[in-house]
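Student: The residues making up each chain are set out below.
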Amino acid sequence: MKSRSAQSVHSGKTRKQNLSLLLFALPALIVYALFKLYPAFSGIFYAMTDWNGIDKNWSFIGLQNFIRVLDDSYFWQSILFTFKYVLVMIITTNVIALTLAVTIETRRHARGVFRTVFYLPNMISMVIGGYMWMFIFTKVLYYLADNYNGFSFLDHMWIGDPQYSFVAIIIVATWGAVGYLMIIYMAALQGVPESMKEAALLDGANAWQRFWKVEFPMIRHAVTICVFWTLNSAFQVFDVIFTLTGGGPGRATQSAALNIYEEAFRGNIQYGYATAKSTVLFVIVLVITAVQLSIMKRKEEEL
Amino acid sequence: MKKRSAISAGIYVFLILCALFTLAPLVLALINSFKSNGEIFTNVISLPKHITFENYIRSFEKMHYLRSLGNTIFLAGGSVALIVLFSSLAGWKLCRTKTRFSRFLLSLFIFSMLIPFSSIMIPLYKVVLVLKIKNSLFGLCFVYAGLGVSMAIFLYHGFVKGIPKELEEAAAIDGCSTLQTFFKIVFPMLKPVTATICITNVLWIWNDFLLPLIILSDNKKYTLLLSTNTLFGQYSSDWSAILSALVIAALPVIVFYALLQKQILKGITDGAMKG
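Residue numbers (my numbering), protein chains in the order written: chain A, 363 to 665; chain B, 69 to 343.
Only chain B is shown next, with the shape it has when bound in the complex (with noise of 0.2 Å):
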């Protein structure tokens, strides 16, 4: 029993120690922006002497923080509406459609999920040039529906066969537009899938950082991401700028997860498992 309760207590040792290492970027990105590069300097581990928001504003200003969370924000929200909207439309009747056709077109829809994004971004990056969206927020959502509606179908078809037909036909009986089945009875019962692909989804396109990278070049129209990345390659020293400046564009989506995480390992999970 001894020796049991000793492995037990190795373990928890063992787990926390990991823990820490998981958190020590985090923890040691936060204490010190709220040093002065040259407290940074001499200690790098110590809790700040003097809590100071000056790096905060400074990068606040530097990075134009709102603006930057605004373009994301819409960017993630846009590109997530249209994935929804559009998938579960084709996913649905994809599902409910018994042809070849029917066949053909979902197997066309997922061949391509295996074909990875650095070999289509040259590509893609003329069809963006053509099509004149490039710098483009609202074109952009566009690009990432193209990209995202694969595997969103895929989700959806999976979850509408496990569904009844009744339902939709006693509404067709009804007088009910195919439409207005759609949305009057089929998408609410959609709920489950469509939390998962909103969640797996906005994470995606929230951490997305090569597609914007080539597609927006105007920084009106820069992400949070892009935006630290070009803090960082004007301050490459000025560690209590970027510190800072990394704290808040990590900020958002740890209140996302501090708020929603169950909803958000459940969507991981679901859609890992099933992708």
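Looking at chain A on its own, in the form it has when it is part of the complex (with noise of 0.2 Å):
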């Protein structure tokens, strides 16, 4: 008796705190509730209607609009695209982050200057900085292969040729991304213990042996924050490519966040059909997602 009364003021208690909880997340709960759990959820829902958004008449059709997704091909090439983009992103950004970390972090002298204006881009909407770096493809490298001899390998359509228009786009995204790893490489370097260092040196060990075998093992966790970083972001981008090439020549450039933006809110409205779309973005992101994270976990738990 007396061990169940307990439980059962213990349950009330609790129930007590889960009210007050309750009444403190709410706010949070709402808003997130309305702009983000619901349209997930719902986002499945309506993948399988006829939705265009306008009509107040649809139907359910099934899975219709998936089978529809599996023979789009021009989806299907934007996937394509978007994977090409994510995995030269990883490679470029992270290389050049780290790159500019370890250098700048063994410098004396004007470190912060370095770091100011490396992180100055990522301080600049991506729109902004698009706008910047077509003036620099469309009039500067022009001008500068006409009247300089040495820069003649600089003259290309850069914004027309699809060859051409990948790597502009790649310079402006790794542009515009840089300066945020970087910083996070800087702070994982700074965290390196100074004794570890020195032993190396009194080993007799050189820079590149000190940075691979002593200080690389050490920021091991945030190589695996950045790959995941510039996966997530990458595999999201829009605002490089809505402003350099708009997805063109043609549909050369056009990433999947583009043609899903394309597909719902431009010309033909298919609202049902482009969440179809969106659904099997996601999933894809998931997949590559959990077998990226868990990869690196067990890199790092390796070491």
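There's no promise every hint is true.
Pairs of lysine to any residue, SDA-like flavour, derived with a Cα cap of 25 Å [what the hints assert, rightly or not]:
#1 K375(A) to T167(B)
#2 K194(B) to Q598(A)
#3 K659(A) to L563(A)
#4 K501(A) to G106(B)
#5 K229(B) to L333(B)
#6 K166(B) to Q379(A)
#7 K71(B) to L563(A)
#8 K661(A) to I458(A)
#9 K378(A) to K233(B)
#10 K259(B) to G226(B)
Here are the computed distance ranges between Cβ atoms for each label pair [stated by the list, open to error]:
#11 L235(B) to W574(A): 41 to 51 Å
#12 K288(B) to N511(A): 46 to 56 Å
#13 K288(B) to K418(A): 26 to 36 Å
#14 R470(A) to L235(B): 42 to 52 Å
#15 G608(A) to F109(B): 17 to 27 Å
#16 G553(A) to N111(B): 43 to 53 Å
#17 A472(A) to S245(B): 23 to 33 Å
#18 I113(B) to F403(A): 52 to 62 Å
#19 R473(A) to L176(B): 37 to 47 Å
#20 Y303(B) to A507(A): 17 to 27 Å
#21 Q329(B) to M558(A): 22 to 32 Å
#22 K259(B) to R473(A): 24 to 34 Å
#23 Q571(A) to A240(B): 55 to 65 Å
So the derived list for chain A, only partly shown, Cβ under 8 Å to chain B, looks like this [claimed, not checked]:
#24 F397
#25 L399
#26 T465
#27 R469
#28 T478
#29 L482
#30 Y493
#31 M494
#32 I498
#33 K501
#34 A619
#35 F627
#36 T651
#37 V653
Hints are computed from structural coordinates only; laboratory data are not their basis.
Yeah, the Cβ is synthetic: ideal placement off N, Cα and C, and Gly gets one too.
Both chains are sitting in their own frames, so use the hints and assemble them into the complex.
Tutor: Below, the structure is given as structure tokens:
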């Protein structure tokens, strides 16, 4: 009897705690449910309708949209483009950011200045940065190629030729992302104990060995964070492509996000179908993120 | 010793070249924004012959600069205020309550952080239509709050773990209500993480393009980025107008960066390392 009443007192206390928690979490919970949870789950439902956004009469068409997605070569082309973009971005941004972080950290002078300058592009929206680069690709590079012999290799259709427009997009996106990763790598490098570096120095290790044998294993966690971040943000790439090429020429540089945006908000509006596409994109991103995290976690633990 | 200083000099040269590359788009936009279109056509890399502010006056009017800036400030400020208020209340209580329900609620808030925005944007647009907040900056603040609370709650929750409970208990014994305890005792202690959350979210919302692009179609409600984008669409070959517009559109964040550089870099690092 005694233990039972204790239990009911206990559960009454729990209920009271939960109620108070619910009250405090309620404002956050309402906006979160309305603008994130509900859209995420209702998307799966809309994906099974032929709803076009305006028409009040829409019907449930089951998996038809998903079957159509499988057949949509433009969509898969955009997914393929996104994969290519993500892969190249992971390598360029992380290699450059780590190189900058290491070289700046080993300098004695002007560290703050370099850090400030390299982070600056991250402050500016990729819409503004994209248009500034557009000026360079369509005006400045031609000018240099025409007027200086040494720069004739710059004479390309940077925005009009699909091959070069991919390079242009990578340059601009890398320019805009490197600073952020560099800041994370610098913070991680500062966390490596000075005594370990000195010990390696005394053992006669050169700078290259010191970095790979001593520092790199210590910043593995930062590498995981940075690769994860690049993967996640690169999969959603929109602004830089929207401003630079608009997905063109044709659909040569269309990313998955841009493809979905065009399907939903430009020309023939097909919300149901576009939602099916975005559901497919979500599943792809989820699987890749899960795989990447588990691999990198295992690698971290091995050390 | 000689070899070493040569390497060191080489590294400085490398860093300086990288810095020039990083600054090139900004510097080129700035110097050409003072030229006429004719002068841009003849030489894009020289300094302007005469400094003219005519371009700036034109783009300032065309993009309704002050209105766009005001809209952007309202949007970023309002959204961040909501995010901070909602998430600190929730994050603190989630950390202090140790029940199965609290664990469930926390994972409910956190699990969605991986959902890409483009996957939810169409149903979200539908919600916005139903709630009749399309073209409403005030409504958009709440949308940003909904998208931003996950990360902020996660950060607040982590931070509260590290602060002692005793002060709160003492306040409760002294007769403070839970809300009073929160605002008088807890919230001031959360200041470092609140700063981090403010900085990362202001920058996110200030530079966000896709969400305003689909929600705001009335040009009176346009943010700086939407106005810049429209200007580019209208004057795609008029570089003197566009470049001056880009410079004034980038100016507020550059000023913000110049003033609060230390706090921003610290906030970014803290946000990233815990995220």
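Student: A separate judgement is required for each hint: does it hold in the structure or not?
Tutor: Cross-check of the supplied hints:
Under the criterion of a C-alpha separation no larger than 25 Å, the hint pairing K375(A) with T167(B) is consistent with the structure, at around 10 Å. Our distance criterion of 25 Å between C-alpha atoms is met by K194(B) and Q598(A), whose separation comes to about 20 Å. Note on K659(A) and L563(A): the hinted pairing is violated, with a Cα-Cα distance of about 29 Å set against a maximum of 25 Å. For the hint pairing K501(A) with G106(B), the CA-to-CA distance comes to about 13 Å; that is within 25 Å, so the pair holds.
For a cut-off of 25 Å, the pair hint linking K229(B) to L333(B) stands: about 24 Å separates their Cα positions. Of the pairs offered as hints, the one joining K166(B) and Q379(A) holds, with about 9 Å between alpha carbons and a cut-off of 25 Å not exceeded. For the proposed pair K71(B) and L563(A), the alpha carbon gap of about 18 Å is at most 25 Å, so the pair holds. Simply put, K661(A) and I458(A) have alpha-carbon atoms about 22 Å apart, close enough for the 25 Å limit, and the pair holds.
For the hint pairing K378(A) with K233(B), the CA-to-CA distance comes to about 19 Å; that is within 25 Å, so the pair holds. With a CA separation close to 14 Å, the supplied pair K259(B) and G226(B) stays within the 25 Å bound. Remark: the range hint 41 to 51 Å for L235(B) to W574(A) is upheld by a beta-carbon distance near 47 Å. For the pair K288(B) and N511(A), the beta carbons lie near 51 Å from each other, so the given range of 46 to 56 Å is met.
A hinted range of 26 to 36 Å for the beta carbons of K288(B) and K418(A) is consistent with their spacing of about 29 Å. Separated by about 44 Å at the C-beta atoms, R470(A) and L235(B) satisfy the suggested range of 42 to 52 Å. Our hint of 17 to 27 Å for G608(A) and F109(B) holds, since their Cβ atoms are close to 24 Å apart. Between G553(A) and N111(B) the CB atoms are about 48 Å apart, so this pair conforms to the stated range of 43 to 53 Å.
Distance hint check: the CB atoms of A472(A) and S245(B) are about 53 Å apart, inconsistent with the given range 23 to 33 Å. Hint check: I113(B) to F403(A), Cβ distance near 54 Å, so the stated range 52 to 62 Å holds. Between R473(A) and L176(B) the beta carbons are some 43 Å apart, a value that agrees with the proposed interval 37 to 47 Å. A beta carbon spacing of about 25 Å between Y303(B) and A507(A) agrees with the range 17 to 27 Å that was offered as a hint.
Between Q329(B) and M558(A) the beta carbon distance is about 30 Å. The supplied range of 22 to 32 Å therefore holds. About 28 Å separates the C-beta atoms of K259(B) and R473(A), a value consistent with the hinted range of 24 to 34 Å. Hint check: Q571(A) to A240(B), Cβ distance near 58 Å, so the stated range 55 to 65 Å holds. Residue-level restraint check for F397(A) holds (minimum Cβ-Cβ distance to chain B is 3 Å; threshold 8 Å).
A hinted interface residue such as L399(A) counts as satisfied when its beta carbon comes closer than 8 Å to some beta carbon of chain B; here the least separation is about 7 Å, so the hint holds. Below 8 Å, beta-carbon pairs count as interface contacts, and T465(A) has one with chain B at about 5 Å; its hint therefore holds. Annotation: interface hint on R469(A) holds; nearest CB of chain B at approximately 7 Å, less than 8 Å. Look at T478(A): its Cβ gets to within about 6 Å of chain B, closer than 8 Å, so that hint holds up.
The closest approach between the C-beta of L482(A) and any C-beta of chain B is roughly 7 Å, which is under the 8 Å cut-off, so the hint is satisfied. For the restraint placing Y493(A) at the interface with chain B, the shortest Cβ-Cβ distance is roughly 6 Å, inside the 8 Å limit, so the hint holds. For M494(A), the suggested interface contact is upheld, since its CB lies about 4 Å from the closest CB of chain B, less than 8 Å. Checking I498(A) against chain B: minimum C-beta separation of about 6 Å stays under 8 Å; hint holds.
Hint status for K501(A) relative to chain B: holds, with the closest Cβ pair at about 5 Å, below 8 Å. Because the beta carbon of A619(A) sits about 4 Å from the nearest beta carbon in chain B, less than 8 Å, this interface hint is met. At about 6 Å, the closest approach between the beta carbon of F627(A) and any beta carbon in chain B falls short of 8 Å, and the interface hint on this residue holds. For T651(A), the interface hint holds, since its Cβ comes within 8 Å of a Cβ in chain B; the closest pair sits about 6 Å apart.
Violation of the interface hint for V653(A) is found here, the shortest Cβ-Cβ separation to chain B being roughly 13 Å, above the 8 Å cut-off.
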